[in-house]
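2 protein chains.
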Amino acid sequence: MTSFTESVRVVGAGLLGTSIGLALTKQGVEVVIASQSPKSVELAVEYGAGRKAKDSDAPNLIVVCVPPQLTAQIVAKELADYPEAIVTDVASVKQSILDQLIQLGAPVERYIGSHPMAGRERGGAIAGRADLFVGRPWVITPNEKTSPQGVDLLRRLASLLESSVVEVSPADHDRAVALVSHVPQLVSSLLAARLVEAKSQDVALAGQGLRDTTRIAASDPQLWMQILSANSVEVAHVLAAYLSDLQEVVAALSDLDNKANFETVESALKAGNQGIEKIPGKHGSKHSTYAQIVVMIDDQPGELARLLTEVGEIGINLEELKLEHSPSAQIGLVELYVLPTAEQALISDLQARGWRIA
Amino acid sequence: MTSFTESVRVVGAGLLGTSIGLALTKQGVEVVIASQSPKSVELAVEYGAGRKAKDSDAPNLIVVCVPPQLTAQIVAKELADYPEAIVTDVASVKQSILDQLIQLGAPVERYIGSHPMAGRERGGAIAGRADLFVGRPWVITPNEKTSPQGVDLLRRLASLLESSVVEVSPADHDRAVALVSHVPQLVSSLLAARLVEAKSQDVALAGQGLRDTTRIAASDPQLWMQILSANSVEVAHVLAAYLSDLQEVVAALSDLDNKANFETVESALKAGNQGIEKIPGKHGSKHSTYAQIVVMIDDQPGELARLLTEVGEIGINLEELKLEHSPSAQIGLVELYVLPTAEQALISDLQARGWRIA
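Chains as they are written, first to last, in this note's numbering: chain A, 20 to 377; chain B, 20 to 377.
Hints in this document: simulated from the structure, not taken from any laboratory.
Where hints are given, some of them may not hold.
Each computed DSSO-like pair below joins lysine-lysine, with the alpha-carbon atoms no more than 30 Å apart [unchecked claim]:
id, chain 1, residue 1, chain 2, residue 2
1, B, K289, A, K58
2, A, K278, A, K289
3, B, K289, A, K218
4, B, K164, A, K218
5, B, K45, B, K96
6, A, K341, B, K289
7, A, K297, A, K45
8, B, K45, A, K341
9, A, K45, B, K297
10, B, K58, A, K289
11, B, K218, A, K297
12, A, K71, A, K96
13, A, K164, B, K341
14, B, K297, A, K218
Computed Cβ-Cβ distance ranges for the label pairs, DEER-style [claimed, not checked]:
id, chain 1, residue 1, chain 2, residue 2, range
15, A, R175, B, Q363, 45 to 55 Å
16, B, V215, A, S219, 47 to 57 Å
17, A, S273, B, S367, 53 to 63 Å
18, B, R148, A, Q55, 50 to 60 Å
19, B, M315, A, S56, 14 to 24 Å
20, A, Q46, B, M315, 15 to 25 Å
21, A, S56, B, A270, 53 to 63 Å
22, B, P126, A, N277, 13 to 23 Å
Beta carbons: idealized from backbone N, C-alpha and C, even for Gly.
Please construct the entire structure, taking both the sequences and the accompanying hints into account.
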C-alpha cells in the first residue's frame, strides 16, 4: 500500500511545484525536487520546498509541474523511469495530454491527471506558498485505466494540501474550463486590448469594474497559447455563443428607443445577474477567510512603520497587508487582514491609540 | 462668495446621497436632505447624514443624487426653486443630461455635472459611508456657461470629501466612461450570461478569474439600461471594435496550427498585457511607473515594522507597499514600490543592512 511516509518527487520548480513542495514538507512528507533548471531547484530548496532529487530516490508519487506543452512528454519519461510510481501533472488541459500519452504507449494505468484550481499572477519559485491550495478545488481526471490506488493516492495528496477533490473525466474537465477559465481569459484580454489605442486621459477614469474585468489580461501569453492550443475546440464552441450574443447587443444599441432592442440589451444584463448566481461562493474572495480593516494614515514618512509597530505591540498577527496611496493624496489607505477572531480587538485598540479606521 | 458654512442640500437619499451627507456632516457642514421617499430621508437622517429639508432652507450648493433618467428633470426643478444655488448631480452620464437641461431652458450657468467614481455593489442609505469618496476621482464636467464660482465650489466639495478632482468636458467624459465602465459592464454581463445554460458541475470549477471578470455582472439592470440608453452611441462605438477583434479570434481558433491564426490569438493576448499597463493604480498612480523591490522577511512580529523603519532611515519614500504571506510560511514577501531613480540605492542599502532581496 502506497503511503505518504515515502517520498514525493516534484518535477518542475515553478509556482505550483514549489508550493506543493512547501505544503508537503510542512506536513512532514519527504519531497525531492527535480527540474531542467538547476537554479530553480536551488531556489526551491533554499525556500524550504524539499531537497534536491538524487538517483537513489524511490518516490511513490510524482507530480509533474511543467508547462502544458511539455507535460505529456515528461509524464511519459517519469512513468518509464519510476516503474512503481503513480504520476500526476498539474496542467490546465487534460484530454490532449492523455491522448498524447496513449499515442506514446505510456502505462496510463499509473497516470492520473490533476488540475489544481489555484494560481497567482506572479510565477516562479519565489511566488510559491504553502497555502496556495487551501480551500481550492483540486480536480482529478482519472482515465479509464487509472488504478484505484492512483485515485486514492491523489485524494490523499489533495487532502494534505487542504484542497477539495473534484473528480471528472478529462473531456468533462476540458469542457468546463473552456467555460470558466479559457473563455474568460480571452474576453478579458480583448477588453484590455481596447485600451491600447485609447487616450490616457480616458483610461485615467478607470474604476474597480475595469480593474476586475481585466485583471487576468496580465497573464502570460506564451502559457495561454499552450492552453488554448490544447483546448481550442471547446473554447471556440463557447466563444462562438458569446460572439453571437454580443452581435445582438451591438445591433440593438443602434436604436434603444425600439422596444425589441431595449429588451435585447436588458435581457443580456438580466441573464448576467442569473449567471453569476450559479457561481459557487460568488462572494468568496481570496481574502474571504480574513477580516479586512482599513486604516487611514497621513501621507508622511514613518507613519506606516508606526502603525505596524503598534499593531505588533497590540500583539495581533497580520495575515496580509496592502497600502495604496498616491504621492498627491494627503491620506494613505492601509488594508490590514487579520483572523476574524482578532478583528474587533484590533479595531478598538487602534482607535484607542488614535488611528482612524475607515 | 459661496461658502460651505452655509448649507448643502442633498436630493435623493440612496448610497451616494447618504455618503455625501455623512462625509459633509462629519466635516461640520450643515446638510439638509430631501427625497421623494420620506422613508429614505428618515433613514439617512437617523444614520447621521444631515437633517430633513424644510422650506426656509437657503442652500448654496445642491447635489442631486437620483437615478440618471430622473436627473435632468430634478436638476431643472432645483435650479428653478433655488435661484441662488449652484446645482450638481452625480449621474454616470453627462452630455445627455446637459442637452436635456438646455432643451428645458434651464440656467446652466449655475449647473455643473459631477461623476464621483466611487460606488459599492450594495445600494441604499444603509450602505452609505463617510469615506466612500476618499482617494477616488471626482469628475467634474463644466459646460461652456458654468460660472467660475460653480467650478470653485465643486472643487471645494471634492476636497472636503477627500476626492481628487478630474475636470473634463461632458462629451469627453461620456467617451471615456463608455470605454472604462459601460463596455466592461456589457462584456461582463454577457460572459456571466453564458453560465445560465451551463451544467452546474462545470460552473463548480470556477476560479478567481471567472469571479473577477463577472463581478460587475451583478449590477442592477434597470439602472444600467438608463446609463446605456443615455450613452448608447459611444458604447456602440467601442463595443463594435471589441466585436470585430473577437470575430477574428473566434475564426482563428478553428485552426491554431496555422501560423497566421496562432499569431492572431497571441497578438490579442499580448495586446491585453499592454492594455492593462495603461490602467492607473487605484488612487491615480501607475504601478508601471514605479520600480518594484521584493524583500523577504522572516515571519515574526515586528519584522515588517523594522523593515519600514529602516526604509525611513535610508530616506526613501515608499509609493506603494504590499505584503503577502501565509500563516504557515516561514517567509513573507514585501513588495516595495519606489520611484525608479531610488531603486538601486534602496536595494544596496537594504542589502548592506542584511535584508534579503528576492
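Now for the hints, and whether the structure bears them out:
no., hint, in the structure
1, B:K289 / A:K58, "holds (28 Å)"
2, A:K278 / A:K289, "holds (16 Å)"
3, B:K289 / A:K218, "holds (19 Å)"
4, B:K164 / A:K218, "holds (26 Å)"
5, B:K45 / B:K96, "holds (28 Å)"
6, A:K341 / B:K289, "holds (28 Å)"
7, A:K297 / A:K45, "violated (35 Å)"
8, B:K45 / A:K341, "holds (26 Å)"
9, A:K45 / B:K297, "violated (40 Å)"
10, B:K58 / A:K289, "holds (28 Å)"
11, B:K218 / A:K297, "holds (10 Å)"
12, A:K71 / A:K96, "holds (19 Å)"
13, A:K164 / B:K341, "violated (47 Å)"
14, B:K297 / A:K218, "holds (10 Å)"
15, A:R175 / B:Q363: 45 to 55 Å, "holds (48 Å)"
16, B:V215 / A:S219: 47 to 57 Å, "violated (37 Å)"
17, A:S273 / B:S367: 53 to 63 Å, "holds (60 Å)"
18, B:R148 / A:Q55: 50 to 60 Å, "holds (52 Å)"
19, B:M315 / A:S56: 14 to 24 Å, "holds (20 Å)"
20, A:Q46 / B:M315: 15 to 25 Å, "holds (23 Å)"
21, A:S56 / B:A270: 53 to 63 Å, "violated (37 Å)"
22, B:P126 / A:N277: 13 to 23 Å, "violated (34 Å)"
Of the numbered hints stated above, those contradicted by the structure are hints 7, 9, 13, 16, 21 and 22, listed in ascending order.
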